[in-house]
Amino acid sequence: MFGTPRPYWHPLIAGLLLGLVLLATFLVTGHGLGASGVFTRAAATIGLWTMPEATAANRYLGGFAAGVPLAGWITWEIIGVLLGGLIGSLSSGRFRAKIERGRETAPGRRLVFAFAGGVLVGLGSRLARGCTSGLGLSGGATLAVAGFLFLIFFFAAGFLTMRFMRRDWT
Amino acid sequence: MTWPLYDGGFWPALLLGLLFGLVLEGAGFGSARKLTAQFSLRDFAVIKVMFTAVIVAAAGLWLARTAGIIAQDSVYVPTLFFWSIALGGALIGAGFAMGGYCPGTSAVGLASGRIDALVFMFGMVAGIGLFAGVFDWIEPFYKAAKGAPAQTLDQLLGVPAIAIILAMAAMGAAAFYFGSKLEARFGGPVQASDGKESVSKDEKRGSGIGSLSF
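Protein sequences, first through last, are from chains A and B.
Numbering that gives the first Met the number 0 applies: residue 0 is where the first sequence begins, and numbers increase by one.
Numbering that gives the first Met the number 0 applies: residue 0 is where the second sequence begins, and numbers increase by one.
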C-alpha cells in the first residue's frame, strides 16, 4: 500500500471520464457537480452550534437555521467524493498521510498558507455563487456565460498569484 | 422515462460523487503540488482535464437536446452577476495558488491523506463565515450587473451551440499541444512518484556520508 505509487491517469482519459460523470449527473439530477455548497452548510452548522442567535438572524446563513443544514444533495455527493478519493488513493498506492509542500517550505508556513488560501476560496465561492466544480466545470458544460467569466478570472488570478508563490511550491 | 430524472436522492448522489472523487484522484488532483504546477506552466493536467470534461459533457448535452432526449431548458444554468462572479473567480484562483486546492480537490486531497487539505477546509469555512458576517454590507455588490437569467454563450453571441463546442474543442486541442511543449520545457508534468520523502532522505544521506569522509 505504501510502496511505489502507480502513475496518474493520462489527462485525456481522466478528462473523458470526468466529462461522462458530469453528463450522467446532469441527466440524473438536472444539475451538475458541485463542492463549495457543503462548506457553506458546514459553516451554518458550526454557526448554529457556537452562536445560534446570530446565525439564525444572519441574512445569508439564516435560511439554514430551520432544518439540518448538512442534510442535502451536495453533502451526499461530497461523502461520495471522499469515498471515491480514498478508494483511488489507497488502491493506487498514492495515499500519503503528510503535509504536502515544496522542498524548502516549512510545514508551519505551508499550513498558514493553506488556511489563508482556504479563507480566500471560501469568500470567493460565496461571492461567485459556486466554485471550480459548480461554475467552472458544470457551468462551462451548459455553456453558461457565468461559467466562462468565472474561468477567465480564476485562471488569470491563479497565474498572477503564482508569481509570488513559486518558491513555496518548488 | 423522461430525462433528466430530477432524482435528488441519497444513493445517486453518493454514487456520482464517488465516481467524481475517483476520477479527480486518478487525474492527480489530490496533490496540491500537481494542481498548483498548472499555474507555473509545469503541468497542464488541470487545463487538459477540465477542457476535455467540459467539451465531453457539453457535446453530450447538445446531442441529448438535438435527439429530443432532454428539453431545451431542462438543466440548471447559472445566471451571470458580472462583478461578484469576476471577483469571486479571482479570489478562488488566488486562494488556489496560495492554498493548493479548490473546494472539490480539497476533499480528494484529504482522502489522499493530505493534512494541508484539511487545514484548507477549515480556512474555507472561516472565509464563508466572514462572507456571511459582512453580507449586509456587500449585498449591493453581490447583486450588481445581473445578466439575462441562465444565459448561455451561444445565446449571447447569437451563434449555434455546436459552434461554441467546436471552438472549445479547437482550443482544447491547442491546450494539449502547447501545454505538453511547456511541460517538457519546465521539467513537468508532476508524477505520482515525485516529491517522495525518499528523495530528500537520499540527499540527506548523501550529504551525511560526504561530511563523514571529509
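Derived from the structure by calculation, the hints contain no laboratory data.
One or more of the hints may lead you astray.
[Said to hold, decoys possible] Among the chain B residues that face chain A by a calculated CB cut under 7 Å, a handful are:
hint, residue
1, Met0
2, Leu15
3, Ala57
4, Gln71
5, Gly157
6, Val158
7, Ile161
8, Leu165
We put the CB at the ideal spot given by N, CA and C, even for glycine.
Consistency of the hints with the structure:
Of the supplied interface hints, the one on Met0 (chain B) is violated, with its beta-carbon coming no nearer than about 10 Å to a beta-carbon of chain A, more than 7 Å. Interface restraint check: Leu15 (chain B) against chain A, minimum CB-CB distance 5 Å, threshold 7 Å, status holds. The closest approach between the C-beta of Ala57 (chain B) and any C-beta of chain A is roughly 5 Å, which is under the 7 Å cut-off, so the hint is satisfied. The interface hint given for Gln71 (chain B) is broken, as the beta carbon of that residue sits about 12 Å from the closest beta carbon of chain A, more than 7 Å.
Interface restraint check for Gly157 (chain B): the shortest CB-CB distance to chain A comes to about 13 Å, outside 7 Å, so the restraint is violated. Checking Val158 (chain B) against chain A: minimum C-beta separation of about 11 Å lies over 7 Å; hint violated. Checking Ile161 (chain B) against chain A by beta carbon gives a least distance of about 10 Å; that is not within 7 Å, so the hint is violated. A distance limit of 7 Å between C-beta atoms decides the matter here; for Leu165 (chain B) the minimum to chain A is near 12 Å, and the interface restraint is violated.
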